[in-house]
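Asks: Please take these sequences and the hints and turn them into a complete structure.
The sequence shown begins at 328 in the working numbering and counts up by one.
For the record, the hints were derived by calculation from the structure and aren't laboratory data. Just so we're clear, the structure is a prediction, and the values are computed from it rather than from any experiment. Where hints are given, some of them may not hold.
As the list claims (entries may be wrong) - Taking lysine-lysine and the DSBU-like style, the derived pairs with C-alpha atoms no more than 30 Å apart in a straight line are: (1) K426 with K578; (2) K578 with K441; (3) K441 with K583; (4) K593 with K583; (5) K499 with K426; (6) K426 with K583; (7) K426 with K593; (8) K499 with K441.
Unchecked claim - The following label-pair restraints were derived from C-beta to C-beta distances: (9) N422 with D556: 37 to 43 Å; (10) D542 with V620: 20 to 26 Å; (11) R633 with N534: 22 to 28 Å; (12) D556 with S421: 16 to 22 Å.
Backbone N, C-alpha and C fix where the C-beta goes; we use that ideal spot for every residue, glycine too.
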Amino acid sequence: MKNNNNNTNNNNNTKLILLHPYILKQGNSNRLWLLAFVSFFTVAFLLALIYTRDSTAAAAAIPTAGFGGGGGGGGGSPLPTTVINTLLHYASRSNDTFKMSFGELKPIADVLRKCSPPCNLLVFGLTHETLLWKALNHNGRTVFIDENRYYAAYYEQLHPEIDAYDVQYTTKASETRELIALARDQIRNECRPVQNLLFSDCRLGLNDLPNHVYDVDWDVILVDGPRGDWADAPGRIQPIFTAGVLARSKKGGNPKTHVFVHDFRKGLERVCGDEFLCRENLVESSDLLGHYVVERMDQNSFQFCRNQTVVSTSNSS
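Replies: Spelled out as structure tokens, the structure:
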């Protein structure tokens with residue numbers, strides 16, 4: 328009986344093997360897997376294509392970042408007047424000793440509000456108002472320059488949306504009148520009013536800023552640093568001279584540049600402003616703020632101001 332059962336089982340097993348269409352099913356299975364594989368990657372490719380197209384369109388609609396995420400591009404709606412007034416109100420009511428008053432903040436805010444986007448704003452000095460300037464120019468590009476490299480790095484770390492660069496000033500407030508005489512002496516050479524300061528050896532010009540700073544057509548420049556309260560302090564002759572050259576050397580954009588000089592009552596700032604931004608360009612002033620509008624000039628111009636006397640020396644050409 329055991330042998331018969333074994334024979335029976337063997338026969339059944341043999342029949343099962345012979346009748347099972349394994350090879351046929353294996354071929355069909357491979358084709359099904361291949362079809363599924365191709366279909367999956369086809370769908371994935373189409374989804375990736377759609378996503379890339381939508382992302383590109385969205386990126387084109389978003390303002391372009393400027394200088395490592397600190398600036399913006401064109402487009403976007405302006406800040407509502409109520410928001411601007413609120414920002415100015417709280418900034419001017421701060422307990423900070425070195426804050427600007429509402430009367431000083433308002434002219435700068437008005438110019439930024441009227442500036443065609445994307446507005447390019449260059450600020451010398453990291454101050455109590457730094458975040459305010461960034462906010463008021465939210466659709467534009469804003470760059471800050473400060474003499475303290477550690478503070479600039481700290482400020483960027485604390486506020487990643489801020490573009491701040493450090494610069495080494497090489498002047499002293501006590502040398503202001505001597506430096507003005509030097510600039511007049513070299514006005515046809517290194518200290519001419521229209522030039523690319525990146526390649527200049529004029530002692531008054533700042534030529535160690537990031538290269539891209541010299542390529543921007545700045546619409547508004549605010550000089551609110553460095554300090555000039557003591558004889559060995561850098562004073563503001565270098566940023567004022569630099570602002571004057573940048574404004575006159577613009578390649579495109581608005582031919583006019585609004586230049587604000589803070590702490591105008593200190594004397595040296597007013598003297599430097601009259602020399603390199605020019606009294607005929609002074610449209611508004613108070614004890615603490617001077618507002619100049621400087622126009623682009625021809626590259627062969629060798630006078631900062633219309634009524635300025637050019638000093639000729641052996642160094643002039």
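Asks: Mind checking the alpha carbons of K593 and K583 for me, to see if they're no more than 30 Å apart?
Replies: holds, 26 Å
Asks: If you draw a straight line from the CA of K441 to the CA of K583, is it 30 Å or shorter?
Replies: OK: K441 and K583 at ~13 Å, within 30 Å.
Asks: Evaluate the given range 16 to 22 Å for the C-beta pair formed by D556 and S421.
Replies: holds, 21 Å
Asks: Do the beta carbons of D542 and V620 sit within 20 to 26 Å of each other?
Replies: Once the Cβ atoms are compared, 22 Å apart, the range 20 to 26 Å for V620 and D542 holds.
Asks: Would the hint linking K499 and K441 be met if the CA-CA limit is 30 Å?
Replies: violated, 36 Å
Asks: Just to be careful, I want the Cα atoms of K426 and K583 compared with a cutoff of 30 Å; is the pair within it?
Replies: holds, 28 Å
Asks: For the pair we were handed, K499 and K426, check the Cα-Cα distance against 30 Å.
Replies: Roughly 24 Å between the alpha carbons, so the hint for K499 and K426 holds.
Asks: Do R633 and N534 keep their Cβ atoms within the hinted range of 22 to 28 Å?
Replies: holds, 27 Å
Asks: Taking the CB of N422 and the CB of D556, does the distance hold inside 37 to 43 Å?
Replies: Hint violated: Cβ distance 21 Å, outside 37 to 43 Å.
Asks: When you check the alpha-carbon spacing of K426 and K593, does it fall within 30 Å?
Replies: holds, 16 Å
Asks: Need the status of pair K578, K441: alpha-carbon distance at most 30 Å?
Replies: The given pair, whose Cα atoms are some 21 Å apart, holds under the 30 Å limit.
Asks: Can the restraint linking K426 and K578 be considered satisfied, given a maximum Cα separation of 30 Å?
Replies: violated, 34 Å
In summary, the numbered hints that this structure violates are 1, 8 and 9.
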